[in-house]
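In the order they appear, the protein sequences are chains A and B. Oh and the first sequence: position 17 is 17 in the working numbering, straight run, nothing missing. Oh and the second sequence: position 129 is 749 in the working numbering, straight run, nothing missing.
Please note: incorrect hints may appear among the correct ones.
Per label pair, the in silico range of CB-to-CB distance [unchecked claim]:
no., chain 1, residue 1, chain 2, residue 2, range
1, B, Arg-648, A, Glu-571, 48 to 56 Å
2, B, Asn-694, A, Asn-198, 30 to 38 Å
3, A, Asp-331, B, Asp-652, 16 to 24 Å
4, B, Glu-647, A, Phe-107, 53 to 61 Å
5, B, Met-781, A, Glu-305, 41 to 49 Å
6, A, Ser-306, B, Ala-762, 58 to 66 Å
7, A, Thr-476, B, Asp-652, 23 to 31 Å
In short, the hints are calculated from the structure, not lab data. Being a predicted model, the structure only gives us computed values, none of them experimental. Glycine included, C-beta positions come from ideal geometry on N, C-alpha and C.
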Amino acid sequence: MALLQIAEPGASPDPHTRRHAVGIDLGTTHSLVAAVRNGIVECLPDADGEVILPSAVRYLAGGGARIGASALRDAASDPHNTIVSVKRLMGRGLGDVAAADRLPYDFVDDGGSGMVRLRTVAGVKSPVEISAEILATLRQRAEDTFADDLFGAVVTVPAYFDDGQRQATKDAAELAGLHVLRLISEPTAAAIAYGLDNAAEGLYAVYDLGGGTFDISLLQMTRGVFEVMATGGDSALGGDDIDAALADWILGRVGLDASGPHDRRAALVAAREAKEALSTADEAAFECEIDGRTVSRAVSRSELESVARPFIDRTVAAVRQVLRDARVANDVVDGVVLVGGSTRMPLVRRAVREAFGREPLTNLDPDQVVALGAARQADALAGNQGGGDLLLLDVTALSLGIETMGGLVERIIPRNSPIPAMKAQDFTTFQDGQTAMAIHVIQGERDLVADCRSLARFDLRGIPPLVAGAARIRVTFSVDADGLLGVSAREETSGVEASVAVKPSYGLSDDEVAAMLGDSFRAADGDMAERSLREAQVDADRLRSATETALSDDGALLDDEQRRTIERQLEQLGTVRAGTDRVAIEAAVKALASATEGFAAERMNRGIRRALAGRRIEDL
Amino acid sequence: MRLRRIVSRLESDDFELFGLPRRFQLERGDLDARRRNLQAEVHPDRFAASDSSARRVAMQWAARVNEAYARLKNPLQRAAYLCELHGVPIDAEDNTAMPADFLMQQMQWRESLDDADGRSAVEAVLTTLEAHRAAAYRRLQALLDQSRDFAAAAHEVRALMFVERFAADVDDRLAAAGG
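So that you can see chain A by itself, here it is in the shape it has in the complex:
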C-alpha cells in the first residue's frame, strides 16, 4: 500500500513533488550514489560524467581534503595522508585490523582500545570521519543533481558487517548530513535491482566479492517480496587481499621487499593493475618503482590464479555453509547473481559455476547494481508512488550472545534470524542488596567469548536492593531493521526501569558523534544555527505529512476527543513551523509524536486484521 500524501493548501509539500531519496553504495574501493528519477533508476554522475567515486580521501596540509580520483592519484606520493579502503577500518580496533603493519598509515596507538585512528597532516582522523568525507561528496552530488535537499538515504553495508561496523557506517552518514532511512545489506540491494529489473521469481544466490568484503546470500523472490533465507561471508576478504598477496609474491620472486609506505602503495597499485588486466588477457605486466628502481615483470593468469586460489576457496566454503544453513541443495537455486568488481576474475566465475553447478548471471554491472538496488529501496521508503509494493525481509548474519560464567557465550539471537528480532532474557542478583549488574554483549559463532567480537558492555543500575536471587531483571535484546543492536532492562518485581549505560567496544560514543557534528562538515555548510533550524523544519514536515496521511487513511479509528487532541498538536506544529524558533519546533514535534503513540498502535492492529482478512478472502 503506497502512502498517500494529503496536502493542505500552502501548508504541506506539494503532493506531486517526489521526495528525493538516494541509495548509496559506500564501497571499499569505490562508492556510488543512485536515485529513481522519472521512474528510472540510475547512478548519478559527477560534473565530469563519472558515476564511480574512488573511495579515497587525501588530507591537505592547509586544511581541507581531496576526495575521489584526484586523491587516489596521490596515494603513492603521499601515503600517510591519503586514505584508501577506509571501509576495512570501520568499527575495528587496531588489534583486529589484519596486517596493520603492512598498511602505509600512521596509526595512533592508544593501547588497543576503541576504534582505530589515523594521524594525518589535518590532525587525527577516525574511519567514521574519513568515510563521512566520501558520503558528503556523494550527498553534494545528489543535491546538485536535484537542486534540492535530500529526504533521506539508504546506505548499503556488507551483510556480514557486525554491529560496530554498521553503527560506524550510520554515524558516518549522519556526520555527512544524511538522514539514514535504512542500512541494507549489499547482496540484498543487488537482489532488489536484479529481481525488479528481470521480474525474477524463485530462489537466488548473490555472490558479492568486493574490494574488501565478501558476502553470500540466498533469497527467495516472490512478487516484490525479497526474503533472505540465509547469509554468510567474511568482512575482511576481498580484492585488496589478492592485490597484496600478488604484490608480495612478485616482489619475493625478484628478491625485493616493499617496506616503506611509498613503495608499499606503489606495489599494491601495480598488482591491482596487473590483476585487472589479467581478467581479459593471459599475461600482463607488473611495473612500479621500488626503492628508486624500476621493477618490471610479466605475470601470467595462471600465476595470479595460484596466488588468488586460497582466498577464493574461502568464499566457496562460505557458500557451502550458507546452503547448509538454509537447508537447500545447490541444484534448487534458480540463479546466481555476481556482484562486486572482483567477480570479473575468470577464476571466481569458474569457482561459482562449480559451487552451484550452473552458469552465473552476468548481465548486470557488478559495480553499479548495489547502488541501484539501494535507490529502489530508498524510493519505496520515502513513500513515493510506485515503490510501495517492495518488501524486504532480511536476516542477521551473526549470532548475538552474552558472556556467561567461564568466558562462555550464551546465544540469544542466532544467526540467520529474521530481523527485526527481539528476545527477552531474565537475570537475577547473586548478592543481597545488589543494585547493579554488568552485561557483556558479543557477536559471533564461536563458543568462547575470546573468539567472538565484543560489541558492548552494559551496566544495569537502579536495581532495587533485595535479597540475593529475588530480583528478576528482564533484559530485552533487539536487532532492528538496520541490523543494529538495542538493549532495554526492567526489574519485574518492582517494575523499575534499570538504566542501561552503553560502552560500545569499537564505536564512537554519542558524545563523540555530537562533538564531531559540530566540526568541519556543518561549518562548511554555512551557519550552524541556520542548518539546525532547517533540519528541525524538515523533521517537522516529515511528521506533519505522516500524521496527515494517517488521519486521512485511518482517522475513523479515533474518537472525537482523540482526533481533536492530535489535530490541535498538528496545528500547533504548523504554527511554530512557520516561524524560526528551532527549540519551539522541536518541542512541538515531540508533543505531536507522543500524542499519536496510541493511534500508531491502533493503526497497526487494523493493519493486522486487514492482512488476515485479505488472506481469508483468498482462501475462499
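Use these hints to put chain B onto chain A, whose structure you have.
Frame of chain A; chain B shown alone:
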C-alpha cells in the same frame, strides 16, 4: 480501553496472530504467505517516513511476527507450543527420564554412526533415522489433532528432541564428509 485491546493483540498466541486454528497440521506455503501479508502491514519499512512512535510500534510487531513464524514453522517447536497452550509444559530439563527401550535404540544409533565409515554408511544411518522420525511426527499429529492427548504428545516431543539432536549430529558428519 483501546490500549488494553492493543496489548492483548500483541500478546495473542502465535496461532491467533497468524489467523490459524490451534492445530499441529499446517500447510507451509499458507504459513509463508500469511507471514508475508502480516509483514507487509507491520514491517518498519512501511513506516520509514512516519514518526518515531509508529516506527517503534512497527518494530515490536515485526519482531513478534518473526518470533511466531519461527515457532510455527518448526514442527517440534510447534508441537511443544501446542502442549504448553493446553497446560502441559515440556520442561525438558526436568523430564529427562525416558523409557529403557528408547534409550537402547538411541545407543544403537549412536554406535552405528560412530562405526559408519564413509559417506554412504552415514547416509544409511540417516535413512533409518528419517523413517523413524517421520513415523514419530505422524504419531504426534494424531495425538495433538485427533485424540488431543497433550500429556502423551509431550512425551513424544521429549523423545523427538533426542532424535532431532542426533539428526543434527548426523548432518554435521555428512557436511564433514563433503558434498
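Fill in: Those earlier numbered hints the structure runs against, lowest number first
none
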